[in-house]
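Residue numbers (numbering that gives the first Met the number 0), protein chains in the order written: chain A, 0 to 441; chain B, 0 to 472.
If you are wondering where the hints come from, they were derived from the structure by calculation, not from laboratory data. Bear in mind the structure is a predicted one, so any value in this text is a computation, not a measurement. For glycine and all other residues, C-beta sits at the position ideal for the given N, C-alpha and C. Be careful, since some hints might not be right.
[Stated by the list, open to error] So the derived label-pair ranges between C-beta atoms look like this:
1) B:Arg222 <-> A:Ser357: 49 to 57 Å
2) B:Asp452 <-> A:Pro121: 49 to 57 Å
3) B:Thr50 <-> A:Glu185: 56 to 64 Å
4) B:Arg223 <-> A:Pro121: 33 to 41 Å
5) A:Arg207 <-> B:Asp460: 23 to 31 Å
Each chain is listed here by its residues.
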Amino acid sequence: MTVPMLRRAALFGAAFLAGGLGAAAAGAETVAITGGTVAIGDGSAPIEGGTVVVRDGRIVAAGRGVAVPPGATLVDATGKWVTPGLIAGFSRLGLAEVDAVEETNDIAAEGSPFSAAIDVAPGINPRATAIAVNRAAGITRAIVAPAVATEIFAGQGAVIDTGSDLAAVTHARAFQFVELGEAGAEEAGGSRPAAYLEFRTKLADAQRYARDPGGYDGDSKDALLTRADAAALVPVVQGRMPLLVHVESGPDILNVLKLKAEFPALRLVLVGAAEGWTVAREIAAARVPVIASALVSLPASFEMRAATQSNIGRLRAAGVPVAIGMINDDEARQARYAPQYAGNLVALTRVPGATGLSWGEALAAISSGPAEALGLAGEMGSLRPGRRADVVVWDGDPLQLGSRPARLWIDGVEQPLVTRQHRLRDRYARPEEGELPKAYQR
Amino acid sequence: MRHHHLVVALAAAGLVGGCAATAGARPAGAPAASGKPVAAAKPASDPFPSTYRAYPGVPTLVTNVTIFDGEGGRIEGGQALFAEGKVVAVGAAVEAPAGVTVIDGTGKWLTPGIIDIHSHLGDYPSPSVSAHSDGNEATGPVRAEVWAEHSVWPQDPGFTRALANGGVTTLQILPGSANLFGGRSVTLKNVPARTVQAMKFPGAPHGLKMACGENPKRVYGSRRQLPSTRMGNVALNRQTWARAAEYKRKWDKYERDGGEPPTRDIGLDTLRGVLAGDILVHNHCYRADEMAIVLDMAKEFGYRVSTFHHAVESYKIADLLRENAVCSAMWADWWGFKMEAYDAVDENIPLVHNAGACAIVHSDDANGIQRLNQEAAKALANGRRMGFDIPDEVAWTWLSSNPAKAMGIADRTGSLVPGKMADAVLWNGHPFSVYTRPEKVWIDGALLFDAQDPARRPVTDFELGQPGEGDVK
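Extracted from the complex, chain A is given alone in its bound form (with noise of 0.2 Å):
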């Protein structure tokens, strides 16, 4: 886990200790925020004057009466507020430049024989506008998915982070994803019996291909999975490797859940979920995490027709762990609308008849709920002991519009917030030329 660190901390060009566990000088720094609002994102109420303290990378402490350990670097956060750096739900963050652009777009290839096997990571680029634009915006880690092309199966998506340095890649092969509704179905040939037996054939391959690897024939004409994608969907059906599943409507959801009684292994996390509030206990009573849409409310397929903007405080109240993505939804560049998605499902708790988030579950499932969904909740989503230091000090409330990161850390190490777009900003602050072209203007 101290491997990205030293990475960074190399690229920083600083000079860090031998004896290989020795954090990177810019890791290794004690840094001791003090004096802002501290929110833990745990799901727990803001904390006024609150202390964090992050060491080597990670968050030593974090709340109230914590101790400033002797020459820490001092950040003066009165006024401000600190958090947990934001992390995307479901994203395609790092996978495409310009969305239309195809050359730029690395989300899904069409043209591929493989699926399953298919591993997002060498197409992060962590130099992506779109990284730096929402780590300005105060997302310091993306769940990052690849989308289908051929069939259900998408490939293995990654866990990366939003610094400026070129190792953007957290874990791979973090998760398979698949499409189970209706994109599910259209995938599949048509339908969603289709989809199922489609499921179902390949995981049995996958299971066969676990119990005799040289045995197992890729290549017949009757096999539906390569070689290489029946090895990608073996950790899936052995319970090692989380597998998303997207499904919207209340039935299907109950379908997936359903796959757990053939597959016992498998480690579900429901992504969409639009009418989850329909089976709400259904889900609670299986212990399946959820990534949802935060602000649905149309009809906007059949799959659809009961959504709403109290889904994800429906879920909550029913006991389901659920958190925010960006599902079919600008997933590539605007992960940044998180805390504003947030902000919004607490105003429902003012609504009559809706049902909204606590602030602190709220912030919560823009945090802690997303690593927890991945099983990473101990590494990384909040402040408390032991978590990777990524911290962001907000100039005003994070969830209300218009506050900005003022300062942001990942793995402890300080990272710039001016963007490309801040520069064309202040190109242009004056539309006018001055005596030179614009072009000479930076």
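Add chain B to chain A, keeping to what the hints say.
For chain B alone, coordinates are given in the frame of chain A:
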């Protein structure tokens, strides 16, 4: 719907006319059919007339409320009186008749209803199945003959969300942006109805949707036909305007001198209406350099552009837009989904405003239309971070009076001024806070949404008998 970005982007090109414009309140034309036949009969200019009638309201006094009047004014602890569908009085204290319904606005805000100048509700309704895809007549780049109102499905649940979640009381439905000439727009009161005619804003001028840039050249270039380039876009535009000018000369002469009527052309009727100043041009255009070309083309053929829509590079030519009195209808922070949106900045709206040009917040999105107040709030905060001193109440003009001017309806709605339509929203907090929602929405003085009263929450035919019917959404 965001999923649709490309479709919407396709759909989203339009020129709008200058804010301070102009043709303003001029109706698209009076029905011609009722007159006696004359030698030179004008074609009916309003063949699908509005049948909208305001629903009944009760005289209502909102007290002790913070008021943004929509024209830049603000009153703390103020009062507003509506009666007979109109704003009667707004002030620190107003005289109210006995028996008036009093609403305590303590801790709340009262604003004019939001006007969305760029929507495809009804034309790309929910659910967004292909059978519902009625926003782009992408069978030819010049389709001035189509009218968006003929595609509007009044049962689109999106209208009700725009009302209840968004406080939208008036909206312009535009054809998409696949074509250079996309067709006529229609302005609607956001009141559920059985027919589109019963939603049509009485007397609102039609708009003409035009599109610059990537969409037309991609759609037709991929079919190996004109236009496949930006220069092809302009060439076909100019050829079309030249035809329209000739058509207008013939019809003007006929209407003046009589004789044999020229052959009717439904598309050229629309363009003639633009050249006569009766129809407002709403031009989808992203790039600054293309907007400048359009402004010259408009001068060449003698028409005005009301508004550039999307206008993500307006900040680069805000001075030019000010000088030409053209509005920009913009998103707060959309960017990067296509090449011509690559240079979008989060400060576009405040930069345009700060330069003295007309700024409008628009949605082009069935979800975004539910949060236009939040879009304005984000833009405002970004402007203040640059040091621009823009008061909240002035920023509200981006949501009401500026779009009203650009749509030619500012004499009737868009601000809380006595005599105007009582189109208003009571918010349960500051409307630029993420924690705020509409509490009550009035259209022409009729209470059509009340968060406290499930009976004042519209449910479309589509949603009746479906899972989630009547939910808060």
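Comparing the hints with the structure gives:
1. B:Arg222 <-> A:Ser357: 49 to 57 Å: Because 54 Å falls inside the window, the suggested range holds.
2. B:Asp452 <-> A:Pro121: 49 to 57 Å: Hint holds: Cβ distance 56 Å, inside 49 to 57 Å.
3. B:Thr50 <-> A:Glu185: 56 to 64 Å: Given a distance of about 41 Å, which is not inside 56 to 64 Å, the answer is violated.
4. B:Arg223 <-> A:Pro121: 33 to 41 Å: holds (36 Å)
5. A:Arg207 <-> B:Asp460: 23 to 31 Å: This hint is violated: roughly 51 Å between Cβ atoms.
In summary, the numbered hints that this structure violates are 3, 5.
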